[in-house]
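Participant: Residue-level listing of the chains:
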Amino acid sequence: MDAASQYLSLDEPHRANHLWRYSPWRKVHPTGKVGEIPTSLASPTLTLTSLSGGVVLAGISLEKSSGANQVLHHADAVTESFLKAITTDSAFTLRVENNFIPSEPIFLDIDTGDSPCAVHLTLDVGRHCEFELITQIDGAAPWTGLLRSGRIGEGTILNDVVIGHTDAGTFLRVDNISIGRDAQVKTGTVSSGSERTKADLRYRMGEIGGHLRVLGSILASDKMHLDHHVEIHHDAPETFSRLEWHSACGGKSRTVGTGMLRIVDGAHGADASQLFQNLLLSKGAKADSIPELEVSEHNVVGCGHGTASGPVDEDQMFYLESRGFDTDQARDTLVAAFLNSTLIAMGSETMHEWLTNHLQEELADLSS
Amino acid sequence: MTEQEASTMMTPEEVSTVVGDYKAGWHDPENSTIRFDNGLSEQVVRDISALKDEPEWMTEFRVKAYRHYEKRPMPTWGNMSLLEQIDFDNICYFLRSGEGTETNWDDVPEDIRNTFQKLGIPEAEQKWLSGVTAQYESEAVYHSIREDLVKQGVIFLDMDSGLREYPELVKKWFCSVIPYSDNKFSALNTAVWSGGSFIYVPKGVHVEMPVQAYFRINAKNMGQFERTLIIADEGSSIHYVEGCTAPTYSSDSLHSAVVELIALPGAYIRYSTVQNWSANVYNLVTKRGIAHENATIEWVDGNLGSKLTMKYPSVILKGEGAHAEVISVAYSGKGQHQDTGAKIHHLASNTTSKILSKSISKDGGRGSYRGLVTVSAKAENCKVNVVCDALILDEESRSDTYPTMEVANSTARCEHEASVSKVSDEQLFYLMSRGHAENEALAMIVNGFFEPFTRELPMEYAVELNHLMALEMEGSIG
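Order-wise, the sequence lines are chains G and U. Under the working numbering, the residue at position 79 of the first sequence is numbered 79, and the numbers go up by one with no gaps. Under the working numbering, the residue at position 257 of the second sequence is numbered 257, and the numbers go up by one with no gaps.
What the hints contain is simulated information worked out from the structure, not anything from laboratory work. All clues stand as given, with none of them false.
Derived PhoX-like pairs: lysine-lysine, alpha-carbon spacing no greater than 25 Å straight-line:
1. Lys378(U) - Lys283(G)
2. Lys318(U) - Lys171(U)
3. Lys283(G) - Lys383(U)
4. Lys383(U) - Lys252(G)
5. Lys252(G) - Lys378(U)
6. Lys283(G) - Lys354(U)
Using the sequences and the hints, build the whole thing.
Facilitator: This is the structure in structure tokens:
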């Protein structure tokens, strides 16, 4: 059955399902008519460069491909089949050869233009690479779909950051990434654009020794609705994962962080935890967290999760004010520090500097 | 014994396989004075009401609830595969075993009296309780309350008597916290409820010693649907203790209670439960309290046994300064799924809540924590703390945590943390190096793990729980 037929055979997901509880599928679907698959979606423009804008180094390439027949593990059937169906002519593979070690981060720009668009990006990352990848989605499209799938090769060290930076509209993002044996992956999400984001990020640790850190810096202001679901599957022994998710909500925005940490029977030695932290900056802001845990293996190093939601700490405000900061400065500093604690962990100093420079405007919006 | 009864009885070996050392698994011969045919219909609902000679409004309430139950689908979460196995047509919805509610143990039929003596209820009553209700199948068979409490205006009755003697009070509060349309099982309970406790504590009265209700299912394929309503008026306090057991049969029984607590301004209610059901009981219970200004509601909730328990004691913090606390433990053994948790809704400012949940899974059991905390937009300065810890004792078992936290006020401070781990080899080694056998060491570690719960129980319950856990831990290692 092709992806379109599969999608059309499915029922509309029920809101009792946590994945769809806060952002029902009909509000995320490009037309709101869940029984239809739009055929007029454009393909965004993809540009691959080094971060400084120089020539892309040898060993990495972006090519047109077909991702429709890829098998995705632990995927949500609705979004998988829908995104595959609308990206049959808009699928690319980012191919990274074995032992690829560039001297500076790689930058992939996805320019949505101003029409609804979607893209399927397959990451085919070889063995023993060591690099940083920044993927930025920008533009003025009213609806953007991004499906990222693929596998990170054995022993590769990858810092992978995705920045949702569209001007407005709805952004649907689905990640389905497998972590290879002994690979060390940091995957960061910076969400600062779009009126509505629905992200379903799934990582599979299917081979021994995988090491994963998932980091989020979410900046929600005005009436933004930013909903991120993160699933980490420990399907192999001796795997390690950490999730740290920081959301700052200003205006009348709402952030949703739902997580699923699943340790299967046989994944002995698994070491996993997830932490969602929400900073509520205004009276109308809302933050919801559901960090779920399913553990079927008894011989684990440890599995845990936590959430915390609250306002800017009064003691910290007092500390800064007593040292000469005015109230706004103190508050802005603490908000920036809160978001920076995950930004700084996403990659190298070069990447961090680029990210903080890039997000100045959004931080200012948040404070106002 | 009929042929059919014989076919559903388990041999001692089968019993041992299913329930291990479940010591309350005996049953008495069934000497019912009235037993309805198995199965549920509107006529059964009307017959229960007629038999109890209830006022018209209650009959109509039951019928409305029954119609809602018929329409309402089964929950789509929890353990759907086990829920689908419930054969509602093979359950007896009303069974009367005695001639009425006695106030003297000597007047209770001998076999029933013996059952409660084996369970230690009359002895506990003499030592440390203010009052006792003992329910056997669908109705209370024994009830008592201390004279001094009666003089202070405390009402402690079984629910049927409460409806007869205080219909206006019951009508005012019945279904006020848990409407019948809340969920499928609250609708079922409202349709066929029988027994349970009705308590009213007048303004400013403090009931110093706990009151207790003990619920015993004896017959097979029995449905027990007690209904409990506790109203603590302004500035009063009460501690209610509930215990439950059932015999072991090869066919399933259903326990589906509804408990409503109302803590008026400044009142305090603690509701302690140790449910120790046999492994053939579905335990699907709705418990919720509403706390007004500066009131406190505490649920102390222990869950052992049963085939499937789905129970999430809840508190609605309606008045400013109200406080809620839920301390729960769950033990899931072979073939058991304890899907338990807590729900707190902060509707008013300066309200605080605390949830502590502990679970142990062993022999292929599954323990799930499912929780919900909400802070409404108008509730300023609320504080929430949720802690869930789980121990998995062997390779076949499983532990899940599904907490939900919805915060709509920027002044709220909410924390949740959870961990799943195994028993530490170092702790076992430490205890064994000091002369304890492996089983003893494990039982000590498990009792220590449950200690934050047991220290909140009356001492007799805590001792009993520790003893039960030690029995459950036998044969855990090696």
